[in-house]
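Per the numbering used here, residue 1108 is the first one in the sequence shown, and the count goes up by one each step.
Bear in mind the hints are in silico, worked out from the structure with no lab data behind them.
These figures come from a predicted structure and were not determined experimentally.
Any given hint could turn out to be false.
Stated by the list, open to error - Computed list of lysine-lysine pairs in DSS-like fashion (alpha-carbon distance at most 25 Å, straight line):
id, residue 1, residue 2
1, K1258, K1167
2, K1167, K1199
3, K1258, K1225
4, K1197, K1231
5, K1139, K1167
6, K1231, K1139
7, K1139, K1225
8, K1232, K1218
9, K1167, K1197
10, K1231, K1218
11, K1258, K1232
12, K1199, K1232
13, K1218, K1258
14, K1231, K1258
Claimed, not checked - Restraint-style ranges between C-beta atoms, simulated for each label pair:
id, residue 1, residue 2, range
15, A1144, D1221, 29 to 35 Å
16, P1196, L1257, 34 to 40 Å
17, F1255, H1194, 38 to 44 Å
18, H1143, K1218, 33 to 39 Å
19, K1231, L1257, 38 to 44 Å
20, V1136, K1197, 48 to 54 Å
21, V1161, H1228, 37 to 43 Å
22, R1260, I1140, 22 to 28 Å
23, L1201, M1259, 23 to 29 Å
24, G1234, I1165, 45 to 51 Å
Built from N, CA and C at the ideal position, the CB exists for glycine as well.
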Amino acid sequence: MRLHSWAPNCGIGFYLSYDQSIGHHQHSVYEKIAEHAEFCCLLTQLNQDSCIDVHHEIFKDTPLLSYGRGYPRPVYVGSSPRMIMAHLPKAKILDYYQRFSAELGQVNFAKDADDYLKLMHIIKKQGYYFLIAILIQILQAYLYRFIFHLKMRLMS
């Protein structure tokens, strides 16, 4: 697989338009995962300095907090890059921390390298990871729907 980039926000555009089979053949698998977990399911590619969501499966009407399919995003944003990084060798994890320590501090993820390693170990051991900010936005979406339906019932 060769990654072509002719613009900063089109890192994998050629590959996705050339071969749609990545998501197509596994569509039912992602759909089943999303149904079982009751969350959105992402297939994310981790690059050296960014990650790209190659495919996503949305669970019902859950808002998908993503940069969009095929668009690069920073490795310190979101839960899917952290899930991937947690399974890397210790030296690679530390390399990511050293390169992005300032950004990780800005998003309040890790105070220092030891803290980062501990968090990565916890994520790997749990087998899942989600951000509280994502959970809050999902709960807000459900709350707004509930209030809307309640309002409609009261008006009728």
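Hints and how they fare:
no., hint, result
1, K1258 - K1167, "holds (22 Å)"
2, K1167 - K1199, "violated (36 Å)"
3, K1258 - K1225, "violated (46 Å)"
4, K1197 - K1231, "holds (12 Å)"
5, K1139 - K1167, "holds (12 Å)"
6, K1231 - K1139, "holds (22 Å)"
7, K1139 - K1225, "violated (31 Å)"
8, K1232 - K1218, "holds (20 Å)"
9, K1167 - K1197, "violated (37 Å)"
10, K1231 - K1218, "holds (19 Å)"
11, K1258 - K1232, "violated (44 Å)"
12, K1199 - K1232, "holds (18 Å)"
13, K1218 - K1258, "violated (45 Å)"
14, K1231 - K1258, "violated (43 Å)"
15, A1144 - D1221: 29 to 35 Å, "holds (31 Å)"
16, P1196 - L1257: 34 to 40 Å, "violated (51 Å)"
17, F1255 - H1194: 38 to 44 Å, "holds (41 Å)"
18, H1143 - K1218: 33 to 39 Å, "holds (35 Å)"
19, K1231 - L1257: 38 to 44 Å, "holds (42 Å)"
20, V1136 - K1197: 48 to 54 Å, "violated (30 Å)"
21, V1161 - H1228: 37 to 43 Å, "violated (26 Å)"
22, R1260 - I1140: 22 to 28 Å, "violated (34 Å)"
23, L1201 - M1259: 23 to 29 Å, "violated (54 Å)"
24, G1234 - I1165: 45 to 51 Å, "violated (22 Å)"
Violated hints, in rising order: 2, 3, 7, 9, 11, 13, 14, 16, 20, 21, 22, 23, 24; the structure is consistent with all others.
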